[in-house]
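*Asks:* The whole structure should be built from the sequences, with the hints applied where relevant.
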Amino acid sequence: MNESLAVTVEGFVAESLATHGRDPRHLLQHLIRVQQRFSCVPDAAVEALSAALDVTRTQVRAAIAFYAFLHDRPRGAFEIRFSDNITDRMLGSRRLIRLLIERLGLTGLPAWGCDLVRVDGRVSVGLASCTGMCDQGPALLVNGQAVTNLDAQRMDRIADLVQEGIPLERWPGEFFRVENNIRRRGLLLGNPATDGAALRRLVDEGADAALAEVERSGLRGRGGAGFTTALKWRFCREAPGTDRYVVCNADEGEPGTFKDRVLLTDYADLVIEGMTVCAGVLGARRGFLYLRGEYLYLLPHLESVLQRRRAEGLLGTRILGADGLDFDIEIHLGAGAYICGEESALIESLEGKRGVTRKRPPFPVTSGFDDQPTVVNNVETFLAAARVVQWGGYWLRGEGTDQSAGSKILSVSGDCARPGIYEYPFGTPVHQVLSDCGAENTQAVQISGAAGATLSPADFDRIIAFEDLPTAGSFMIFDHRRDLLDMVRNFAAFFAHESCGFCTPCRVGGALLRNLVEKVAAGQGSEYDLSEMRHIGAVMRQASYCGLGHTAPNHVLNTLDKFPQIYRRRLAREAHTPSFDLDAALSEARALTGRDDVGAHVRDGSEVSS
Amino acid sequence: MSKTFKLDGREIPFETGQTIMDAALAAGVYIPHLCHNPELAPHGSCRVCLVDIGERQVSACTAAASEGMEVDSSSETIQATRRAILQMLFVEGNHVCPACEKSGACQLQAVAYYTGMLAPHFTHFFPRRPVDASHPDVVIDFNRCILCELCVRASRDHDGKRVFAISGRGLESHLVIDSPSGLLGDSCFAAADKAAHVCPTGAILPKGRGYETPIGERLYDREPISIVGDVRAHEEEVV
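Residue numbers (this note's numbering), protein chains in the order written: chain A, 274 to 883; chain B, 122 to 360.
Certain hints may be false.
[What the hints assert, rightly or not] Facing chain A, a subset of chain B residues (Cβ under 7 Å, in silico): (1) Ser166; (2) Asp258; (3) Ser294.
In short, the hints are calculated from the structure, not lab data.
Idealized CB from N, CA, C, for every residue including glycine.
*Replies:* Written out as structure tokens, the structure reads:
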């Protein structure tokens, strides 16, 4: 690096430190800012941050290597990352990536974690797991900003803008338009308005009454696991500690999920009100909204909502004039790591570290952020909690099933006429969602994201509820034209890429599984490989350290059971097929010896064994 | 009266706060493990100490013991899962047991034998990993690192030095060293550090003492790991 750049970098870091503080827990936030400014984190920034924050340079470098959006080498001045979820691929993203690459004069294709960088440093093209725009894909991120509804014309235009070096602010506004696409409104989406009513009720009737309403409602966490919200709040409230924290998990990394994006766009006040009510119940003074890096474009909007609420006396000190009701929220950005949706990994990331799952127990409710009692809830949960406190627990109970009170917001994408956001009472069967969104000839539904379950038509009478089909919200539809193995390949690569690497079964098993899926897809598999996939999947499910590893093999195991033909029709042989071509492996020896006669070749494997 | 739980049918006494592993070690019952070392905070990453408690599988090194629980650590199912985990560790790195200086005194190898793993199983990844011989007293062969983080924890929590960290993620996870060059020789690491003496494989080795004890006469050549326990307890006699 030249000296003048080092000076610029050091100046920028000093400014970031002066503005945002020297708490080592802000490391990730400083790194994200440096990355945005310099399209990488230069060595000078590593040294400066390491010295200022008292963390080792190794820890800084380890964080850079962990988060997909941080790099130690420059990407392009225009850093383009295509969303690579299966739904983007189904909408033709692969063809568009090739088009853009060709137009930009690049060669090859990007792979996950392997971007193409043009030699002049002007532009780079890479992939992101899923950018949460599945209802308006194919999508990409350019310097962190989402561009939706890609087509060939847009690719041409983007190539031109890049060639001419037009800054992002002057790119056509419609490129960055993100639609809400709310198709069905229920309990939660029916009315976005709030005037602090939940908070007033909290102040008037007290924290015990608010918690009692949440208890009465039977509200369960909407992140997928379905833990009882009131119980979580109560455990945290009663845990010993000097401080308490409220964390909103807006990491929405599950492929095919985008409902939090809509909630944070149009219902942010309610979400923040839910957090504030929670803080009132716990006696917490600080909260964090952990926003996935893919939703960077929402940051100014969310900051302005926080600012307005402070001005309205709904956030900050003496909320609504109540003594002792002090609470404020900071937004922390993620940097491209799916594992950070797991609550303990999210807390590690909040503290500026690599997002690796913590040992449990202790659970975050007793020992979370800064080892203090912490509630981590999903965006949708906080929204529902605000309404529950405003309108009472029975209001939520009025809909849903015995074990699943209220409604569920679904992100519907894939093969249907009307992708978007649908809110249903719990207990709604899958076939109703399919008919409402205009899905025809449906072959399969992937519910609750890549980590969820693959449903065949035999499952379409099943209901969306914690007691039958729990879901974090993703609902991806595949019609009869699709080859489901494409979905399996996409998810297998996703999990191999997103494993944090902490435990053996997930780290190694995920990669082995991906390789076997690719082997079968390439027409080189056999029954033996399918049984190996079952074996590895079972070990991952049983032995992994956290939920990522437990659920990562679901799509393979589900499709082996329900759609065996997608594997079988590709098998090369019934029994064993080696993972390499012995004859091809001998080509180097043949070249060295100058021989290429019949005797220098291995015959077909089946003949050798017979 | 002290509390007890059952481990493979045997009553094991424990104190509140002890893990299944703590109590088993104290009672002299062996549960195979790699990333665990009773002198350092439990980690739970290798997953080799997986045991059954009812329908659930937990790592014995992190799960608290509780009154009356029934723990299964020796069924064929549990052993088969452990074997698969070991087979995963073996294909992830480059382990050349017959030629390795640590052979016969290597915990990875000994635990593999204990669980009945006699050959590799999965397709090898054959990663390209360097050897760092820059330090005057100690060599690090990253090919043998199993990411147990014992050196990370020992250096940070015992030596007060923070020499090591894990970088990257997924299969790209790897051990890194805190020095301007990234080399061990440029770090503040010393052969007397605890971190130099906790590696369960041959990844961190002292220099100049190669094959002092002939292969065939080493710790686990004489007795299985279930009898003699971790190599760290015998370091004086084996290296």
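*Asks:* A separate judgement is required for each hint: does it hold in the structure or not?
*Replies:* Results for each hint:
1. Hint status for Ser166/B relative to chain A: holds, with the closest Cβ pair at about 5 Å, below 7 Å.
2. Against a cut-off of 7 Å between C-beta atoms, the interface hint on Asp258/B is violated, since the closest Cβ of chain A lies about 21 Å away.
3. Restraint check, Ser294/B versus chain A: the minimum CB separation of about 3 Å is within 7 Å; hint holds.
Violated hint: 2 only; the structure is consistent with all others.
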